[in-house]
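The residues making up each chain are set out below.
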Amino acid sequence: DTAVSQTPKYLVTQMGNDKSIKCEQNLGHDTMYWYKQDSKKFLKIMFSYNNKELIINETVPNRFSPKSPDKAHLNLHINSLELGDSAVYFCASSQEVGLHEQFFGPGTRLTVL
Amino acid sequence: AQKVTQAQTEISVVEKEDVTLDCVYETRDTTYYLFWYKQPPSGELVFLIRRNSFDEQNEISGRYSWNFQKSTSSFNFTITASQVVDSAVYFCALSEFPGPNAGKSTFGDGTTLTVKP
Chain D
-10 DTAVSQTPKY
0 LVTQMGNDKS
10 IKCEQNLGHD
20 TMYWYKQDSK
30 KFLKIMFSYN
40 NKELIINETV
50 PNRFSPKSPD
60 KAHLNLHINS
70 LELGDSAVYF
80 CASSQEVGLH
90 EQFFGPGTRL
100 TVL
Chain B
23 AQKVTQAQTE
33 ISVVEKEDVT
43 LDCVYETRDT
53 TYYLFWYKQP
63 PSGELVFLIR
73 RNSFDEQNEI
83 SGRYSWNFQK
93 STSSFNFTIT
103 ASQVVDSAVY
113 FCALSEFPGP
123 NAGKSTFGDG
133 TTLTVKP
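Those protein sequence lines, which keep their order, are chains D and B.
Per the working numbering: the first sequence ends with 102, consecutive numbering throughout.
Per the working numbering: the second sequence ends with 139, consecutive numbering throughout.
Since the hints were derived computationally from the structure, they do not count as laboratory data.
Certain hints may be false.
[Stated by the list, open to error] Using C-beta positions, here's what the derived DEER-type ranges look like:
1. H62/D with E39/B: 22 to 32 Å
2. G5/D with N89/B: 43 to 53 Å
3. A23/B with E85/D: 21 to 31 Å
4. T52/B with K41/D: 45 to 55 Å
5. V46/B with D7/D: 34 to 44 Å
6. L16/D with T100/B: 21 to 31 Å
7. K29/D with Q105/B: 24 to 34 Å
8. V46/B with E47/D: 13 to 23 Å
9. Q91/B with S69/D: 44 to 54 Å
10. N80/B with Q3/D: 48 to 58 Å
11. K25/B with P50/D: 21 to 31 Å
12. T31/B with G5/D: 26 to 36 Å
13. Q105/B with K30/D: 28 to 38 Å
14. T(-9)/D with N89/B: 30 to 40 Å
Note that beta-carbon positions come from the ideal geometry of N, C-alpha and C, so glycine has one too.
Start from the sequences and build out the full structure, keeping to the hints where you can.
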């Protein structure tokens, strides 16, 4: 059983398009996250959700809109994709905010052409 | 503001050598948590250890050991008798709790470890 799953694994698209990445966790965790990892492997938090509520938004352009329909799901929608959005996006979850280790999904490699 | 510094960008060792990965952090909170994660070439991120700010005991797990020193704000990671399978990017991370930054984990820039046979 996959603890944190993301779809799709790879996403190749043209500039200006809109795309979504889906994330699901079956660990019963309260908190979910989105991270962006760039080509230099730097890992930056984008959003944190706790019990479906947004708690952290790290100055991400408003083209990025997360949505948490329930505690087990956190989706990321990106409008008007730009070249600089190319990266690996990781979803993660943890039992409680701040206290516990995070379990990461396999990542979604987004390439914007 | 919280900050994590991993000064070593890349380290290369020969198998069976010991290697230490440095991590220095900054925080104004008295309660915080420190983590190490491993990212092998396959790309997944794997949790290795968690330590809270009130527990300065060192920890050993097999060939891995961690040295937490609040006096120097460091949480260093040592691999003893390194193996090729240890080749990965290693991230140190800090999470504050409670407070306005709860839920925001700050990661260091990572140290790429290459273990050669």
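Of all the hints numbered above, which does this structure not satisfy? Sort the numbers upward. 1, 4 and 13
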